[in-house]
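Colleague: Next come the chains, spelled out residue by residue.
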Amino acid sequence: MSQPRTLFEKLWDSHVVRHAEGEPALLFIDLHLVHEVTSPQAFEGLRIAGRKVRRTDLTVATVDHNIPTTTADRFRITDLVAKQQVEALRANCAAFGIELFDVGTVEQGIVHVIGPELGYTQPGKTIVCGDSHTSTHGAFGALAIGIGTSEVEHVLATQCLQQHKPKAMRVRVDGRLPEGVTAKDLALAIIGKIGTDGGAGHVIEYAGEAVRALSMEGRMTLCNLSIESGARAGMVAPDETTFAYVKGRRAAPKGAGWDKAVAYWRTLATDEGARFDKEVSLNGSELTPYVTWGTNPGMVSPITGRVPNPQDAASDAERSALERALSYMALKPGTQLTDIAIDRVFIGSCTNGRLDDLRAAARVLRGYKIHPKVHAMIVPGSQAVKAAAEQEGLHRIFLEAGAEWRESGCSMCLGMNPDILQPGQRCAATSNRNFEGRQGKGGRTHLVSPAMAAAAAVAGHFTDVRAWQFKDQEK
Amino acid sequence: MKPLRVHKGITVPMHKINIDTDQIIPKQFLKRIERTGYGDFLFYDWRFRPDGSEEPSFVLNHPVFRKGSILIGGRNFGCGSSREHAPWALSDFGIRVVIAPSFADIFFNNCAKNGMLTVILSEEQVAELARRAQEKPGHQLTVDLENQTVSDDQGFRAAFLIDPFKRHCLLHGLDDISLTLQHEADIEAFEKKRVQF
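Just so you know, the protein sequences line up as chains A and B, in that order. End of the first sequence = 473 in my numbering, gap-free, step of one. End of the second sequence = 1518 in my numbering, gap-free, step of one.
Certain hints may be false.
Unchecked claim - Listed next, the in silico DSBU-like pairs over lysine-lysine satisfying Cα-Cα at most 30 Å (straight line):
| # | chain 1 | residue 1 | chain 2 | residue 2 |
| --- | --- | --- | --- | --- |
| 1 | B | Lys1514 | A | Lys50 |
| 2 | A | Lys245 | B | Lys1513 |
| 3 | B | Lys1514 | A | Lys165 |
| 4 | A | Lys245 | A | Lys276 |
| 5 | A | Lys252 | B | Lys1514 |
| 6 | B | Lys1323 | A | Lys163 |
| 7 | A | Lys439 | A | Lys367 |
| 8 | A | Lys245 | A | Lys258 |
| 9 | B | Lys1337 | B | Lys1457 |
| 10 | A | Lys8 | B | Lys1388 |
| 11 | A | Lys191 | A | Lys439 |
| 12 | B | Lys1337 | A | Lys191 |
| 13 | A | Lys50 | B | Lys1337 |
| 14 | A | Lys245 | B | Lys1514 |
| 15 | B | Lys1388 | B | Lys1337 |
| 16 | B | Lys1337 | B | Lys1323 |
Calculated directly from the structure, the hints in this document are not laboratory data.
Generate coordinates for the entire structure from the input sequences, incorporating the hints supplied.
Modeller: Set out below in structure tokens:
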């Protein structure tokens, strides 16, 4: 009998093209997602060496990072350097024969939103993209790895990735998440527990009752944030929830191929008795909504908590990091998180820019007005998400509350387009990074779930969404 | 890629945990389509004031440290975004080696692809190097990839481990793609048998 294997090991084993002693393995890549920011130098490298793209049929591109999200400016990038980058992607896709979902198409969106939406993301696949949040696709039971531009060039030329086999880690979350506690809160709780380098060198498999109960959107949020604990990838074993999501999507297997695919996907789950190099467990039923107060996603506390005191830090290095973070964030130790007032709200990104996320925000905002001192921006993750949200009338709830309703893109998650914070502005954001200057130089970012961001938008400060008075009945 | 065998240079102390790639190269400089010229933007928000003048307290604005080529970093150096612009900026500025107790995986890989060496030493060893760099600006270190050692003239000596394949590629300045394309027959064979629906 063969050794019990983990989901990760099954994917690894089935994609090794070659593994010579003392060298990294050569892994075959089933899907390569490309965007404008990390690809121009890779295509230039191919051109200089006279190389082609090996598998244009396994490569898909879109524009997301630089694209303006206001309808009026959608096709008019005034930043000439950004414009040149978008045009470079167009020219490269045309020259090398790669399908591009450009601005103005119904498919355009954040690369990690459209991959799953169009059915390209499937269980059992190896997926890469020149973007650290590629870990998102692991939600489907795919092995999805974020890579740099040299590796993008390598995959374009060879359809393979050189990779040392990472270690396997399991994060088990038992119990059910309470009402008002979401996949985002779970992810932040995990990062808070294991630290921003707790997953380094590992592929994390998320398991347990709380994970199984998550929708695909929730699983994507969870896996998306794997990189914030330093993991190579995050994964969830495929199940009925996964199959139901993938079925019928454009690039999904059809007819007899579908049945064959599902039968295969069912064999991927981690075998009973398989060994992990590291195991962590949490009780999901004890979790609360979380808010980050510092300058990395591990600097996080339950909404019921306070800003910590650097004097309590475990080491000198931790203390100086804390002092610097609180100074940048302009927060005093001991401040109740619910007392922190905000100026801006950003709901969107590859972390929380999907339909479920917008529904959660709309449910909170229904019947309320956004605080007069707060400017809120809601940016759907893709054109398909935008259309679906409008079909349900969510955009009317946002607009009536006083929020801006935008076109799809990465937007103020990283502010490469015109959507940025001004120095000193404090933002409740549903995105993935609260690094110094991430949303704009001098901007202060607090990471939260969509429902928590929406509640903060109304209250003008962070507030516990578990106590929210929903106005579900009003039309 | 430029081969790297032995490198001697001035050490720059930046001993702070979790230095992320957003700090190494802020997003406004990721729109360029070139691979070169990022050195001017390295640590931009830490290096320059809002009016564009240099922030005198920042280490790389020190007259000696700006000539440094060996960065002494803290734990989880290079975490966050996968942007290869981070090693491009470090390299363009003149940094050839980064020494830290640990690195984020993607940054670690990206450095090697650009002929930059990342050396992992213990917390204590890194702290000692940071102290020497800080106390005597101009402190020099010799990083010998062939013998896998780091040493200075004042008695510091440490051995480091490195993946043998990576060492080989760095020593000879090898291009990954050409190496992989030597195995094109294996790729073709895999493509024929791979699972598809």
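Colleague: Evaluate each hint against the coordinates.
Modeller: Comparing the hints with the structure gives:
1. B:Lys1514 - A:Lys50: 22 Å, holds
2. A:Lys245 - B:Lys1513: 26 Å, holds
3. B:Lys1514 - A:Lys165: 27 Å, holds
4. A:Lys245 - A:Lys276: 34 Å, violated
5. A:Lys252 - B:Lys1514: 20 Å, holds
6. B:Lys1323 - A:Lys163: 27 Å, holds
7. A:Lys439 - A:Lys367: 29 Å, holds
8. A:Lys245 - A:Lys258: Given pair Lys245 of chain A, Lys258 of chain A holds - Cα atoms ~13 Å apart, limit 30 Å.
9. B:Lys1337 - B:Lys1457: 19 Å, holds
10. A:Lys8 - B:Lys1388: 49 Å, violated
11. A:Lys191 - A:Lys439: 28 Å, holds
12. B:Lys1337 - A:Lys191: 21 Å, holds
13. A:Lys50 - B:Lys1337: Given that 30 Å is the threshold and the Cα spacing comes to 42 Å, the pair is violated.
14. A:Lys245 - B:Lys1514: Holds. Lys245 of chain A to Lys1514 of chain B sits at ~25 Å (cutoff 30 Å).
15. B:Lys1388 - B:Lys1337: Holds, at about 20 Å.
16. B:Lys1337 - B:Lys1323: Between Lys1337 of chain B and Lys1323 of chain B the Cα gap is close to 29 Å, so the pair holds against 30 Å.
Violated hints, listed in ascending order, are 4, 10, 13; each of the other numbered hints is respected by the structure.
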